[in-house]
Structure formats: C-alpha cells, structure tokens
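Heads up: the protein sequence lines correspond to chains A and B, in order.
Oh and the first sequence: position 139 is 139 in our numbering, straight run, nothing missing.
Add 1000 to a position in the second sequence, counting from 1, and you land on the number used in our numbering.
Hints were generated in silico from the structure; no laboratory data involved.
Beta carbons are placed, not taken as given, at the ideal position from N, Cα and C, and that holds for glycine.
Warning: the hint list may mix true and false statements.
Stated by the list, open to error - Only some residues are given here: those of chain A computed to face chain B with a beta carbon under 7 Å:
hint, residue
1, A213
2, Q215
3, A220
4, A223
5, V273
6, A287
7, G292
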Amino acid sequence: MTATAPTTARPPAEPTTGRKRPAFLQMTNLRESGIFIAFVAIVALFSLLHSQFLSPNNITNIVLQYSYILILAIGMVIVIIAGHIDLSVGSVVALTGAVAAILVIRNGQPWWVGVLAALVVGFLVGCWQGFWVAYVGIPAFIVTLAGMLLFRGLTFMTLDSISLSPFGGTYYQIANGFQNGLLGGYGYDVFTLLVFALAVAAYAFTAWRSRRARQRYQQAVEALPLFVAKIVVVAAVAMWFAYKLATHRGLPNVLILLGLLIVVYTLVTQRSVFGRHVYAIGGNLNAAQLSGVKVRRVNFWIFVNMGVLASVAGIVFSARTNSAQPGAGNMFELDAIAACFIGGAAVTGGIGKVTGAMIGGLIMAVMSNGMQLMGVETPLQQVVKGLVLLLAVAFDIWNKRRAGTR
Amino acid sequence: MTDNILEMRSITKTFPGVVALKDVNLTVRRGEIHAICGENGAGKSTLMKVLSGVYPHGTYEGEIHYDGEEVRFGSINDSEARGIVIIHQELALVPFLSAAENIFLGNERRGPGGLIDWNRTNAEAAELMARVGLHENPVTHVSQLGVGKQQLIEIAKALSKEVRLLILDEPTAALNDADSEHLLGILRQLNAQGITCIMISHKLNEIASIADRTTIIRDGRTIEVLDMKDPASTQDRMIKSMVGRDLEHRYPERTPNIGEEVLRVEDWTVHHPTQPERVVVDGASFTVHAGEVVGIAGLMGAGRTELAMSLFGRSYGRDITGRVYKRGEEIKIASVSDAIAHGIAYATEDRKKYGLNLIEDVRRNVTAAGLKKVSRRGWVNGNEELKVAEEYRASLNIKTPTVLYQTGKLSGGNQQKVVLSKWIYTDADVLILDEPTRGIDVGAKYEIYTIINRMVAAGKAVVVISSELPELLGICDRIYTLAFGRITGVLPAAEATQERLMELMTIEKDKAR
C-alpha cells in the first residue's frame, strides 16, 4: 500500500481568540447536560404522576435502595472506560456478604471483623481477575463470566446453600442507620443541612476556582450569568434534597459513604495519573503502550479496584437486607453496566465519567421506584428499563454522528 | 481491433488537499506481464484501487477501457465479474479456514438444496492448487501454511474466479528468495496460459527478469513506459525515472553543529514476532550525534519501522539481540518507559493507529508521555498541564481552536505537531521520527522540518525514517540505507544523490555486504 491518502478533512477555520464561545463547546455542554436534563424530566414526570414520589420518606428510600448499584457503577465505569467489562460483580457482592455473615453471625465476631474480611475477599477477587485479564491476556468478558459462575458457586459453598440472618447491631446500622440530631433542630436535622451547605459551598468554590484558572490560561468559559445560574440551580436542588432528608430521618450513613466515594473517584478519574492512564488505554491501547503507560499494571489495578468496590457494595447490601443469601446480588452487574452506558460511557472505551454513571444509575433507580409506586408490574418495569437503556445509547450515538466525530 | 486488454486514460484522483494521481495513463497489452514501478507514495496502489473499483466510478476523472469497451466499476464485485482480480500486499485470507474454503470464499461450490458440496469444493480446490504448483491437502488450515504458500492460495483463489487480468501488489515483498523464485515461475506459467498480469514491485531485478514492459509512476504522474527487451531499459535507467525529480519542496536552512555521540546501536537483530525464523532486522549498527539529523532510507518492507520500534522498548519483534550505548554507556531498554527514561522518543509512522488518542483533547495528548512532569505523587496538576499544552500550541503553531479541542478533528499536519509536542515534552535527547511528513501537505511539511531544525539546534539528536529521498537529502546530515533488514551503506548528505541511495536501497539480500 503506497497511497498517501489523508483521511482527515481539515476542520473549518474557527476563531482561536476572543470571548466568543465556539460552536463545539456548546455542543459538548449539550451532550453532557442531555443526560442530566433527561433525569430531571423523569423526576418531574413521576412527581406529577404520584403525589408521594417526592416525599421525604420516598426520597430516603431511593437512596437506600439503590446505593449498592451506584457503588458498583463507580467501579464499573472505570472498567468500561478502559475498554473492559465486569460481569462478576453480582456474585462478588454475594460472596463478600456471605463471608461477613459467617464471621459476624455464625462466629459472633465484632462488626468490623466482618467488614475487613469482606474487603480482603474483594481485594483477592480483584487480584485474581486482574491477573487473568492483565497478565495472561484473556478478554475481561470471559474472565468475569467465569468469575460470575465461580464466585456464585463459592457463595453457595460458604453459606452451605442457606441464608444467614440477622446481623443486627453496628453492622446493620451501616446501611440502615442515620446521622440525626447531632446538632439538634426543630423537626428537622441541622447536621444534615450543615453538611449539605458545606458541600454546596465547596462545590461553588472549586467551580469558581477552575473557572478562574481557565480564564488565566485563556481558555473558553461559559458566560458569567450562565455560570452563576448553574451554581444556583445545583445549590437549590441540593439544599431542597437536604431539607427533605432533614425533615425525615436525617442523613443516611450510606449517603455519606456514597458521597465520599463519588468525590474520591471523581478526583481519581479526572486528576490522577492512574485515571489518565485508564482513559489513555481505553482511547487507544497502542498509543498508550507506545507512550510508556504500563498497560498491564493499570489493567490489574482496575480490576482490584472493582473487586474492592464490589465488596463495599456487598457489605452495604448485606447490611441493608440484614442477611446473607446465596442468591444475593443476582443481576446487579447488569444494572451497574446499564447505569454506565446510560450515563454516557462508550462501549468502545475511552469515554465515560463517574458523575455520568451516577446519574445513569439514578435514572434507573428513579424509574424503578416511580413505577413501583404507580403499581406497575415487574415484567413491564423490565421492558421499560430495557427500552430506556437502548434509547439512551441510541441518543448518544445519534448525537456523536451529528457532531461528526466518528 | 486492438491488442490492448486495458487502457486507463488520463486518470486523475484527488483526496481532500492532495492530488494522488494526475493524468495517469496505463496501457496493458493482452497476454503481457506489465510491471508498475515507483517510489512509496507515487500512486501505484491508488491507481490499482481505481482500476478494481475500490474507488468507484465517479470518484475519479478519466476513462477505463477494458477489452475494447469503456467500463465503469462501482465496486470490486463489478471488476471481478469481468475477470479483473487484485491480490493485495496484505493477504486477505481467513487463517482458520481451510485452503479450499478460502479459495471458494464468497463463491462457494453448492450442491442440491444450496448446501456446500464439499467433495466438489475440495476436488476443484486441489486442481486449482496444482495449477499454482501447490501440493497440499485442500483441507489444511491456511494458518498452517507459510506466507509463500498463502500467496499461492491467493492466486488459486483468483483462478477460481476465472481471472483474465491478475493484479499483484508487491507479491514478493514478504517472501524469501526461494519462494519468490517459485512465485515468479508460476506467474510465467499462468502468463503462458493467457492470463495478463500487472505486477507492482520494488524489486528491480525481479521486474527485469519477468516483465515485458514497465510503466514508471512518480508523484502521481506517468513518467514513461519502458520496453524491457530494449537493452536501454537498465535498472539504472529505472531508478533515474523513479526519483528524477527536481527538488520541488523547499527545506529550511540549517548550519550543522554536530557534537558528541549520543546513541550507538551495535549488531541489532530482530526476528518477526509470529514467524521466529524470519529475520526482519539483520545485524544493524548505526550512530547518532548531538545536533545531528540522521536519515534512514529504505523501501517498504526493508525493516525501518521494525528497527525503530524494537529499539523503542522492544515494542516489535522477538529474539532481539544487540547492544545500545547512550553517551558511551551501554543501556538496557526493556520497556517503553525505560526508553523514555533514557531519553529516547519514537514518533510512529501511523499517528492515528499508534500515535494519538483521537477521542481525547489536544492537551492530554501533549502530556500523554510526559505526564510525570506535570504531576506530583500521582496527581496531575491540571493548570500546569493546560499551561504546557498552551506553550506547545504556540511554539509549534498547532492550529486548533483551543487545546481542549478533540485531536481527531485536526488536520494531519496538526495532528503530527501534537505527536511531536508529546515527544519533545518528554525531554528526549534522541528522537526517532518515523515518516514524520506522511500524508500532510507541503506547507505543514515545511513547518515540521523547521521543528526538526530547532530540536537539533537545541542539541538533540534526530533520526528521520522516510521513504521520500528528497526529504532525507534536504534535512539530514548523514543517511543510512536499509535493504531487506540490513544496513547497506551510509552516506554524508553532501555526497548522497537519489540515484546512489536508490541503488543501495535495492541491493538484494545475497548481494548485501
């Protein structure tokens, strides 16, 4: 082949200076906000359809019910960005919960022994899968499909095919407890409001700082009114949510855990060298390798991380149900994967965000919960969820094609 | 009425920004073996793609007359229906299907009910294979045959389609001498049976021995047609026609200021990654000095990229032996990160496939290899990273709306500048640039040369691999020639001419050294 055919058309001349926002930036924003707008629309729809949907009780419920899927989705989105998939997380949730139950319920160990053991099991599971994917080079689809069977089987063996309950005590409180009344309040919890207020302030501050930094480096930023409006909307929604929680039972422990995980993993994916390498591997494996990325090591740690997060989800789930069952966590992997793809991750790798996966997961959560409230039967719920996944990804592909990136 | 089986008249083919073919004429007589010869990028493959319908009628200008009438192929199927079959340099066989299945792929021999008639398939395959001198069991998996035999399977496949005009693109490029000789013998036999052949080749002695006539193409234009029976059609004459252009591109001025030796490679030998017995780079030795631009000239398949990639952290090949010295001290490079740590950078010839993360923005591609420099304890300093990207955008004149723009949307020349930024940012002392100006326009080429000059002015050593000889002559201080995995010569640029380089680049294996 000796033809020298440049296959890239030159981009149209675009102004490189001035304050004018280039068209592409508006496009990016639209694409990223698209999923958020969809989420708001779904919430609005259900709040119209059912009066109890936005009640403090129900909102608290949604958080507690789907927290473990969201935790799984955090690990899963990293796996997917790197161009892999993990089908085993449901079984790992069951296995880690089972190990904790054996120690805490059957052997009467303190709660933290169960937690620690579950985390160690998750870590080892991650090492096992990471070894096969990264160092032996077996596609993750196969390794984790095997893992799905393997760890499910081990769960049954660990539990002798029976369920164990109840955990009770502190272990139970991990997923069912609330921080309430620490600072008093009249019918609403001041502590919850304070935590949210601080979080909102921190968000506004970092947003403002990165805007300033961008300006200093002569990068395009949104117009100031738009920027302020965005902050105000986010703050209003967050404080309204806080108020709902505060007037009910206070701040759920699980929400604190989830919030911390989201902050940490957003930083890891966006700001750390490791995160950057994950995107590089998913975006162009060859280029990453030739740029000195230690591809095998990164892949290994991606799976270790997934294993540990699956064990965290396992702890939360077993505490939430106050039991360990051999069949626990069935199909969780599919919910977590769906959350990532609804949240804009690309099947081909290289694209995706923790925040996107969280909104994707919340869309699934809100829809399940809303349909349950409305009394929609389970089969129909599944049909709707399946269609939403399909349409979300179809929208994304359509959007990309329109933008002419592929 | 005419003895010409094929006449391509005034073929012009343009790609955005590049004219690949300009008024090319090709006339092939019925029953001859016609060679097409030219440098890499001259437009030979493009011409064959126009002929076979890969570029359908309407995407090019000019007329194709086949068998005395004008034809307008819309796809490969159209041309195959008329008996024109092209065998590409990269073989298109399915490795895990049998020889017979491959021969009749898409053209299956069916029995009653539409089911495949295996007896007929295998019997006919054996017959076709015998015609190309291949005496293997037709049920053998293609992956178990060597490259030479696979090439013959391709020809058998062409025969099954009742080929009348067989086009071979560099058929012997991947073959050893014995296999090449056998293949050429088969071609002569088929030719005697009335099959007309077009053969693209770099191997001039092969052309001299087999072709009746040769069309020489340069820069997308037909230069001349040589009758190989004419004693004036020597290899020297062909070389002159292939390269004999004026230096039409300009190269920026540079006063060489050559310092101490930075890199020395001794006796570097590399084997093919999947065919361990095949030597791809054979005992290559070379040196590069600070402030020096060293060129490596070689035709396609000479082992240029393989040499560079195997040096760059063993990114290619197996059973690699040899020694590398950096400033006189022997160094071991086991991985890409070792290479980067030792100040060696390699900008690949295929920037889309191996060089860039096209879905990521310019900023992150610029820092991809030197991320350590903008990070502390594993955390990236985003502001610093932006600053670095901005600096490179300005200093290398990367034309992009902002550094947050998606790299895949930039033009080839600007993508190449992003690749160069990435490697300059690693603070490498030795930069190996593989085809740094491939597929980019003249203006951007000039900018790339300027960047190279700035790098050597800053005391770096630059190795440029290129198949464009004028480019090497224009920018290098010394030029090594590589032929069939061996270094066949080294010339100071002042003494080198395109003719001398081409001679050294076409030395066949038995004659090398």
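- Can you list which hints this structure breaks, lowest number first? 2, 4
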